[in-house]
Amino acid sequence: MIIEKTKLAFQDLFPATEPEPPPIEEPDEEVEEEKGKKAKVKKEPRQNGVIECNYAVHGYHLDAQVAPDQLIEAITIVDEAEFFIESITGVDWIKEDQIEVVYDFSRYDFQTCRVVIRTRVDRDNPVVPTITTIYAGANWHERETHDFFGIKFDGHPHLIPLLLPEDADFHPLLKDFKA
Amino acid sequence: MSSPIQLQPDETFVLNVGPQHPATHGVLRVKMEMNGEYIVNAETVIGYIHRMHEKMGENKTYPQYLMNLSRMDYLGALGYSHGHVLVVEKAAGIEVPERAEYIRAIMVELNRVASHLFWFGAFVMDLGGFSPLMYALQDREYILDMLEAVTGSRLTYCYFRFGGLYNDIDDDFIDAARRFIPRMRKSLIKYDKLVTGNIIFRKRLEGNALLSKETCRKYGASSAVARGSGINFDVRKNEPYSVYPDFDFDVPVYHEGDSLARYMVRMEEMEQSLRIIEQGLDKLPDGPIMPKKKPKLIKPPAGDYYQAVETARGSFGVRLVSDGTKTPYRLKLRSPTYSNMHLFDESCRGMMIMDALAFMGSLDLVIPEIDR
Amino acid sequence: MSLTLLNVIFAVVVAIAFAAANAAYLVWAERRGAARIQRRPGPNINGPFGLLQPPLDGIKLMAKQLIIPGGADKVLFIAAPVLAMYPAIMSFVTIPFSDTIVAHNINVGILMIFAFASTGSMSLIFAGWSSRNKYSMMSAVRAVSQSVAYEIPMLITTITVVMIAGSMDLMEIVHQQSRSILHWNIFPLLGKSHNLLMPASFLIFFICTLAETNRAPFDLGEAESELVAGFHTEYGSMGFGLFFMGEYANIVIGACMTTILFLGGWSCPFGLFPGVWWFLLKLYLLIATFIWIRWTFPRTTIYGLLNLSWKILIPLSLVNLLLTAGLIKVF
Amino acid sequence: MVTYFKDIYSGLVSLFIGMEVTFKEFFKPTVTVQYPYETLTMTEKYRGHVELIENDEGKPNCIVCGLCQRACPSACITLAGVKPEGEKKKVLTKYILDFTRCSLCGSCVESCNFNALEFSKEYNLASTRREDFIFDLLQRLEDRNK
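Chains as they are written, first to last, in the working numbering: chain A, 60 to 238; chain B, 3 to 374; chain C, 24 to 354; chain D, 486 to 631.
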């Protein structure tokens, strides 16, 4: 199954790059249904790792949170497994002083598997590597995310405002944005 | 004597197609670097009618945001509403009565036919044939009249509600829909004779703008753009939602990858939508259209929810990040044309301008939907 | 017929009036016809059946300001619309509408008409060049290649007819076809040539007429969905009006030529009551076909158009020319 | 060579088929409505801008609960009411609809529990002035009753 395969590929990322993996493996085996409730209770930012989610509740199968420097590796995994890019977006977690960049991937064939890859960066210095080298179609999505959240995509070929006016220096989807 | 444009053989010039250009069907601008009639490089500039729907989503309560979705895509509005209500229902755990789901499916499919009809007309108009647009609009008017009689509006419907629908359909609607199906089938034959078979039309589209599977994947193309390139991808089949598993329909797939394949996919999709409508009318169960117990205030539990639906323009996704309050924490709208249009820059290189514009037409663009 | 000054003035006035009236009312006919095809009523508010629409449109256009874009070549910019109109009017001088209705018949009438017709594309080049607009420029370039490509098969086909008639005099060509429908050049059974490929020749000529007059499906110069409005993008008011009228006047000329060369001019299909009415009937039927075609087909591409000309029309018309020459020799 | 002529032939045939279609359409009756001279009646469920519903005495049913105001996504509705001496219900004194912002979503009508709002069938709205679209619904109700 593609879900298992991709999950295993993701899991390989974590022990290798993070020497002291906190209880990441546990949530993996956790009953999926509790995930939704658990997320509510959890105050701490999520640890990096991959979780298998209940599709019926969340609408996606795998949820991988990676460190920004692992991003390229993670994206390569989904690229090699022939996923297509659905979208890139951000979420501003102002209370935790972080911005989450969310990458959505899905598949064209009937082995349905939606993968969410997230990475968190500090609000003061939001820099993540670009994935346009892997997915050419990420170009606009990254520009849009740059527009709305001010995230700098390192190495992006053309990071100028896309949806906002070309002289826009504000980022409207940040929670502290006041029009 | 003043000297107009200087054209040297090796020199390129920049042609601004848009923001106001007949072929862009809205305020889209493509900066084309041209060498004569050939496009050397193109850069699409979007955002002229950006309305920041996503920020509005964060400021409005869930029911207040309902009407925004239909403003995204003015041709196939119901499909977008469907995605939104589904994700909120999923998040808040609202049960939808079966009748409501069936009516939703029928309405969405009708809207899809209407949208494809308009696309068909506009596409042929891009290619210079004007009459098919008028014929397509006649059939589309029929659909809009039907939808208006139920939803109360013609384009920007605000019909779906969390848990159900705003209005129930009546016998008049069912009769009209039943009458519509044979009428539409007859029209499809007419379009086939008038346009699809036409040698000029075929010569223009055959081999025009070949898109490979790989390009589609890298850009995340969906709808006819993907299906015309041999990718059997339809969210209704791949990730069945609502009552679509109950219907028997096919997903037309063409392997040529040219504009004609994209055209053929959409034309056949209309027929498939008619089949769904037919089955939906036959199977339509009785019952309420709103659930008995519906929370007064919609407050989905905190979490991350995603729902993809197949709209007339492709795979539309709504990502809802809830923090348990009555407004979404983050609402991301993944619009299909955004990805489809993104293809254009790379794929139109080396094409002649008239082919590029035919290609643009075959992508089925609705600019407010790209810009959101 | 002696050509006096009065004669000339009269002829020119009549020609201009005929061309202008035709142009104006063909716009109306086109709009009504297109509307009928699309199941709309078309212009029907001003006057009975909307018949006052063309003069009112003309007044509106004339009342508007002629805007010359900055940086445009003024002389050429103004000359271009005039150039669009004048060859059509000049051509009317030599076209015979019946035995008696002809302004001035010359024995190389065909040559003269083609000479003027080829200056028609000059106006597009001038307009495209002088407007200082990239769309106009591209349209002008297209117009040149189009007119080069289509004049060749058109002329070859005309030579075929000239060979059959043995004359370049339009009157003479009609006279030779005057007995019955079977003597028309399109139906070669009783004519001089006996060439069974003449209907193909007619079709080639007809297609070339469409292309020469920039009509759909060959309206690449205008191509409103690609080049906005092509060569007349920058024209407003009567400059635009003249282009518009020139287009329709050219259609009339094209249809006149088709009638004369292939459909027997003013002769009746059954040899009865020849007269100008037959000419006009054939003329307007052809024009109706022009309109009908325009509202049916999508536009071709520039390379599709050139392929059609160089790969199909020119070889076929050459074959036809050789065949006709041979058949004339044989019979 | 054979395909060459076949292509020409089939191409020509396809063109004639297309012309046959438009020829047939030419003789069919028109389907359009001559708008200013002919108008359509709106369907029962048509959503025009909202209108107040009156009771038997010609007074609005509205009890000034303000639910519509709160439900409105675009803040189009401004209403005010007073409670006259000795009356139980509030009486509506002002109901302004800013139609320039209204998107006809129907939230106000849905939220109303007192059958006080309905959609009008008005679709002939056009003006060059913004103020013309700020409706005083109470005034409109009185005008209707005149």
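Don't take every hint at face value.
Which chain A residues face chain B? A few, computed with CB under 8 Å, are given here [stated by the list, open to error]:
1) Phe73
2) His117
3) Gly118
4) Ala140
5) Ile144
6) Ser146
7) Ala195
8) Leu223
9) Asp228
10) Phe229
In silico EDC-like pairs for lysine to aspartate or glutamate, Cα to Cα no more than 16 Å straight-line [stated by the list, open to error]:
11) D:Lys579 - D:Asp621
12) D:Lys530 - B:Asp250
13) B:Lys57 - A:Asp138
Honestly, the hints are just simulated from the structure, not real lab data.
Source: prediction; values computed, not measured.
In this text, a Cβ means the ideal position worked out from N, Cα and C, and glycines have one as well.
Checked hints:
1. This hint is violated: Phe73 of chain A has a C-beta 20 Å from the nearest C-beta of chain B, more than the 8 Å allowed.
2. For His117 of chain A, the interface hint holds, since its Cβ comes within 8 Å of a Cβ in chain B; the closest pair sits about 6 Å apart.
3. Below 8 Å, beta-carbon pairs count as interface contacts, and Gly118 of chain A has one with chain B at about 4 Å; its hint therefore holds.
4. Among the interface hints, the one on Ala140 of chain A is violated; its C-beta lies about 11 Å from the nearest C-beta in chain B, farther than the 8 Å criterion.
5. Hint status for Ile144 of chain A: holds, given a least beta-carbon distance of 4 Å to chain B, under 8 Å.
6. A distance limit of 8 Å between C-beta atoms decides the matter here; for Ser146 of chain A the minimum to chain B is near 4 Å, and the interface restraint holds.
7. With a cut of 8 Å, the hint placing Ala195 of chain A at the interface with chain B holds, because the nearest CB-to-CB distance is about 5 Å.
8. With a cut of 8 Å, the hint placing Leu223 of chain A at the interface with chain B holds, because the nearest CB-to-CB distance is about 6 Å.
9. With 8 Å as the threshold, the beta carbon of Asp228 of chain A stays out of range of chain B, its nearest partner Cβ sitting at about 15 Å, so the hint is violated.
10. For Phe229 of chain A, the interface hint is violated, since its Cβ never comes within 8 Å of a Cβ in chain B; the closest pair sits about 11 Å apart.
11. Of the pairs offered as hints, the one joining Lys579 of chain D and Asp621 of chain D holds, with about 7 Å between alpha carbons and a cut-off of 16 Å not exceeded.
12. In summary, the hint linking Lys530 of chain D to Asp250 of chain B is not supported, as the alpha carbons are separated by about 32 Å, beyond the 16 Å threshold.
13. Distance restraint check for Lys57 of chain B and Asp138 of chain A: the Cα-Cα separation of roughly 31 Å exceeds the 16 Å cut-off, and the hinted pair is therefore not satisfied.
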